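Top to bottom, those sequences are chains A and B.
Residue numbers for the first sequence follow numbering that gives the first Met the number 0, so the first one is 0 and each next one is one higher.
Residue numbers for the second sequence follow numbering that gives the first Met the number 0, so the first one is 0 and each next one is one higher.
No lab work stands behind these hints: they were computed from the structure.
The model shown is predicted, which means the values in this text are computed figures rather than measured ones.
Just so you know, nobody snuck in bad clues.
Chain copies aren't distinguished; within one or between two, either way the pair holds.
With a straight-line cut-off of 35 Å between C-alpha atoms, the simulated DSBU-like cross-links for lysine-lysine are: (1) Lys4 - Lys281; (2) Lys336 - Lys126; (3) Lys397 - Lys324; (4) Lys206 - Lys95; (5) Lys116 - Lys4; (6) Lys228 - Lys206; (7) Lys206 - Lys53; (8) Lys146 - Lys95; (9) Lys126 - Lys4; (10) Lys172 - Lys228; (11) Lys269 - Lys8; (12) Lys89 - Lys206; (13) Lys8 - Lys53; (14) Lys172 - Lys126; (15) Lys206 - Lys281; (16) Lys116 - Lys95; (17) Lys269 - Lys53; (18) Lys116 - Lys53; (19) Lys182 - Lys4; (20) Lys8 - Lys281; (21) Lys172 - Lys81; (22) Lys286 - Lys126.
Number of protein chains: 2
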Amino acid sequence: MRFSKSFVKTLRTAPKDETARGAQFLSRAGYVHKELAGIYDYLPLGLRVLENIKAIIREELNNIGCQEVLMSSLQNPEPWQKTDRWDIEKMDIWFKTELAAGGELGLAPTHEEPITKMMQSYISSYKDLPVYVYQFQTKFRNELRAKSGIMRTREFLMKDLYSFASSEDEHNKFYHAAEQAYKRIYDRLGIGQDTFQTFASGGVFAKYSHEFQTLTDIGEDTIYYNADKSVVLNEEVLNDEVLTELGVQREELQSAKAAEVGNIFTLGTKYSAPLGLVFNNKDGERKIVLMGCYGIGVSRVMGVIAEKSCDERGLVWPEQVAPYKYYLIGIGKEGTKQAEILYRDHENTILYDDRNLRPGEKFADAELMGIPYRVVISDKTLASNQAEITNRATGESKLVDLNQIQF
Amino acid sequence: MRFSKSFVKTLRTAPKDETARGAQFLSRAGYVHKELAGIYDYLPLGLRVLENIKAIIREELNNIGCQEVLMSSLQNPEPWQKTDRWDIEKMDIWFKTELAAGGELGLAPTHEEPITKMMQSYISSYKDLPVYVYQFQTKFRNELRAKSGIMRTREFLMKDLYSFASSEDEHNKFYHAAEQAYKRIYDRLGIGQDTFQTFASGGVFAKYSHEFQTLTDIGEDTIYYNADKSVVLNEEVLNDEVLTELGVQREELQSAKAAEVGNIFTLGTKYSAPLGLVFNNKDGERKIVLMGCYGIGVSRVMGVIAEKSCDERGLVWPEQVAPYKYYLIGIGKEGTKQAEILYRDHENTILYDDRNLRPGEKFADAELMGIPYRVVISDKTLASNQAEITNRATGESKLVDLNQIQF
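For reference, chain A alone in the conformation it holds in the complex (with noise of 0.2 Å):
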């Protein structure tokens, strides 16, 4: 990207409600615009975040046998009556919307509903098992509510996946291929390290569920852990029953703020058994489909790195998520002619500061915006055929010969 050609500008303030660091850094470095509370608009640079974070998810998602699909935001409310979760009382983050043809559509919060109804065209055998289906998908939840810039909003951008299995040993081994799954996607988002596997409460069908939770100080959830965080569990399952059979004391246990990033429920009949979706085994009797659904919040994970990943001069990207992996900045006659020509060899990885201003002001941009490196070309570099980088994490910086860099 030439940043002289870019609509977008680093602004001096945020919007005057955001109170979150890293939210404040995502509107000023021009990620995002605000367009309410808890609505928000992608710009380039935030786009490009979204879509790296997704082409992670995705790979991994592929690699352990997920199909993509993208299903409608729009919803017939017949599926949700059967579950009972049509009922503004049952699930009060509905919005609601009519046809002008006649009839209630709700704004799909989340997709077990259609999704069950639909594999029905599909599922009638054992031999149509197991299958794993998932999206990237806008959701849209009316929480009272809005907070953190774009880590809870009432539209998002999600991914969900849904397994269906036809026993419980082919959901099981499913289950924990989704675990190892996410655990690979947060590392390589950067978080890996403070994202821990949480026990939590699990519902009908199992006795726990798991989330993903992420510490940062900003977060909504409290999560317990021991002291090499073998065992890690959120407020909900924190009673003695539980800490007995998880073999941990109450006494050993620290706690912190977290963030979730994902979570991953066996489902059981929950929705497979109101909504009629069953299956012939090999005896031929009818079975009901078992389902698991598997969530990760792609615009909040993207909100929450933003939060974790900051410091007092702006955001500090993972390389894996960074819009460009180089700001690059030529300075004087030569650096600028050499910038030119690097940039044009490496459009896709360069944000190439080409603007009419001073390098000073280039410099707090690229903090600003967080670019893993920073890449300055100037005469005196070019003496012997280098260029400075800095990395934008630890603020170290090397000359490197110019045909030694990685673009």
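Dock chain B against the given chain A, drawing on the hints supplied.
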């Protein structure tokens, strides 16, 4: 894709109320799943087609300097009230909903108002102009009647582009660049030959707008054109004044059914004036930004291509938009072994039908799904180290050396 692993199956019947032939095939071949009238889910193959269409549009728009964003669906009434498009009497396709925290919201049927408002944060001087901003975004329109499958729906994927200029010259220059980009897009989508830039009514700020209309019997519009198709116009502007201006006689015009696949409008100050999007010109005077808008219904285009490109046996995708280029079938022990090897080396371009079915059933599905080239490897073709390649569009078959196939 390995067909045996796909959760989607081809179906013998389409939804009862699906009357258009292409729409029936899209359902039966497993591209889409119908939720309700005018509301569809995109299955893995359908999503690949959408992504192929998006990639072509994105590339052409980036080439003329456009920048991609992603705006919200949920809409603040305020900017729409300022332009007098909030009332259902003024714009009858709104879906509206209520915030739990109080207040009305709308679901965006288009984005002139929010983007005009957003650009106030980024445009203040003539130096900030021109800029061109687009998105691929889900639009909601409360149509009284939905029809023709994914051609006219209540929820659909749209590419909408907005231009912002400081002068008419600047605006006209981009308008022309957009016309040319649209022509390249339709060419690459395989419908260029049958798609015509059509004069349509322009409104207050320009005598004409332009539609791009694709000839198809299932189209909702009628277009009128002269012998060499150098002048094409729609019904709105079929009057003596326009005919005189365009230098054509009514008698020389032929008419045909067509479907609109895109449109471009000169908006002038229609939205920028009421919403106060202004800039300082070179002389320091405050001026109102001049706008244009440029739409392509991505899912609609997919529907139009499906209707145009099908025969009695199924779909016939143009190569550029097809979900896979090759439909691979192995027959016999050696043929299957060789097919497996080829598939593993080219998973991204091959739909490999490895199901335990008779060849005839596979041939029928290959035609129903409309994959451009069917590749059959049998013990017989292997005798000469060849495969039989059949062109879906022409029906022609030929034997090709295995190492000559351009996977």
